[in-house]
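A.B. asks: Below, each chain spelled out in residue letters.
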Amino acid sequence: MTAEDRTVENVDRPPLDSRELAARVARDVAPGSYVNLGIGLPTKVADFLDEDAGVTLHTENGMLGMGPYAQGDQIDPELINAGKIPVTELLGASYFHHADAFAMMRGGHIDLCVMGAYQVTAGGDLANWSTGQPDAIPAVGGAMDLAVGAKAIFVMMDLFTKDGQAKLVPSCTYPLTGVACVDRIYSDLAVIDLDNGRAVVWETYGISVDELRSRLDVPLSVR
Amino acid sequence: MSPLTTTDPAQAVAGIEDGSTILVGGFGMAGMPVELIDALIVQGASDLTIVSNNAGNGDTGLAALLGAGRVRKVICSFPRQVDSYIFDGLYRAGKLELELVPQGNLAERMRAAGAGIGAFFCPTAVGTLLAEGKETRVIDGRTYVLEYPIRGDYALISAETADAAGNLVYRRTARNFGPVMATAARQTIVQVRRTVPLGGIDPEVVVTPGIYVRRVLDLSGNTTTDSGAR
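Chains as they are written, first to last, in my numbering: chain U, 1 to 223; chain G, 1 to 230.
Keep in mind that a hint or two might mislead.
[Claimed, not checked] Partial list, derived from the structure: chain U residues whose beta carbon lies under 8 Å from chain G:
1) N61
2) G72
3) D73
4) I75
5) P77
6) L79
7) I80
8) K84
9) H97
10) H98
11) A99
12) M105
13) D111
14) A139
15) T177
Please keep in mind that the hints were generated in silico from the structure rather than gathered at the bench.
For clarity, every value in this text was computed on a predicted model and none was experimentally measured.
Note that the Cβ used here is the ideal one computed from N, Cα and C, for glycine as well.
For reference, chain U alone in the conformation it holds in the complex (with noise of 0.2 Å):
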């Protein structure tokens, strides 16, 4: 183990800004891999992405080569991501349709899904598709087919709800997305990585390992 892969404790700055953090997500994407980003928050990883980096962007709608958002004569409503929102294509972009787009996903072929998350446990259950709630209106997509489909699963989410909820829990209260299936936390307060049903804090923004450990109801290891 070198120094660099000890935890690093950054306690005398800011925890991250979402932008700061979708640079910090883009910086342990792989050069040359081929990477699903999911709706919200996670599409910003795109914007980091080093363009010598060969990163080519999965979209479950049909699309390989992803470009940026479209502006101004660049939209075209045939023409969009998972979000629904216009996109551009890249040089060397394919098209094909929904079942091929989720076999690939399935089929082991994409590298990496960066989503979003209401609850993640320590032994990587992911709870991001429903609060539960008895009038909310269910809707799933195609987060329970990338949780079990990507070769890696991140997820990007503040690590606390607004009114102080942990989001790193024991066990999750809302129906869940995946069986262990996330393989690392991306979040404003620290990087955790999920090894085994250990929960491995790999670096800290803003607040100590030990402040984390108390306002955490999960274990928590340093390397």
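Could you slot chain G onto chain U? The hints should help.
C.D. replies: Only chain G this time, still in chain U's reference frame:
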């Protein structure tokens, strides 16, 4: 057998029976066969089961069909949208049955129907509410859920170009469910922006072979709406 090609929306949807299961293409409004749905509303078939990724946007297309009270049940992956107020109202009022299916399963279940697969084991949704009560099996150490095909009586889809043999090409992400649905229905009806003679589509680029296509609605003369002709 070559498909029926028509410029008359009423002819394209003629004969669709009450109680039919209809696969409706589109992801949001991309690839939504709006003209065929409008014609179906006029045609009057009711008590329908609709299989589609979403459950309508705004007041047009699938939302209009729901709003007209023709639909008994929706099988979809993502009904909740910022502008799905017609579905939301009917669902909350208990006037629509909903079967929620993960998006990949929705596609694969229709693919299975079109390919003559009796059922398939799939890892999606294992351990979740959406797999409750379903048969599971452990294969090579991994748990899978048994999923059954979804067949349509009709598929209503949208494509870019059809030739006289019914071969189809699509445009960009409007392709989405079209090629899968075309295989999974007893009769597939497609609206296209233009038709071309035999030879007008390079056989190497055909996405949906004409064997799957029964009727073609040619919108090339349609100037009243932009939704079919960009």
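A.B. asks: For each hint, tell me whether it holds in the structure or not.
C.D. replies: Going through the hints against the structure:
no.	hint	in the structure
1	N61	holds, 5 Å
2	G72	violated, 16 Å
3	D73	violated, 13 Å
4	I75	violated, 11 Å
5	P77	holds, 6 Å
6	L79	holds, 5 Å
7	I80	holds, 5 Å
8	K84	holds, 4 Å
9	H97	holds, 4 Å
10	H98	holds, 4 Å
11	A99	holds, 4 Å
12	M105	holds, 7 Å
13	D111	violated, 17 Å
14	A139	holds, 4 Å
15	T177	holds, 7 Å
In this structure, the earlier hints numbered 2, 3, 4, 13 are contradicted, and the remaining ones agree with it.
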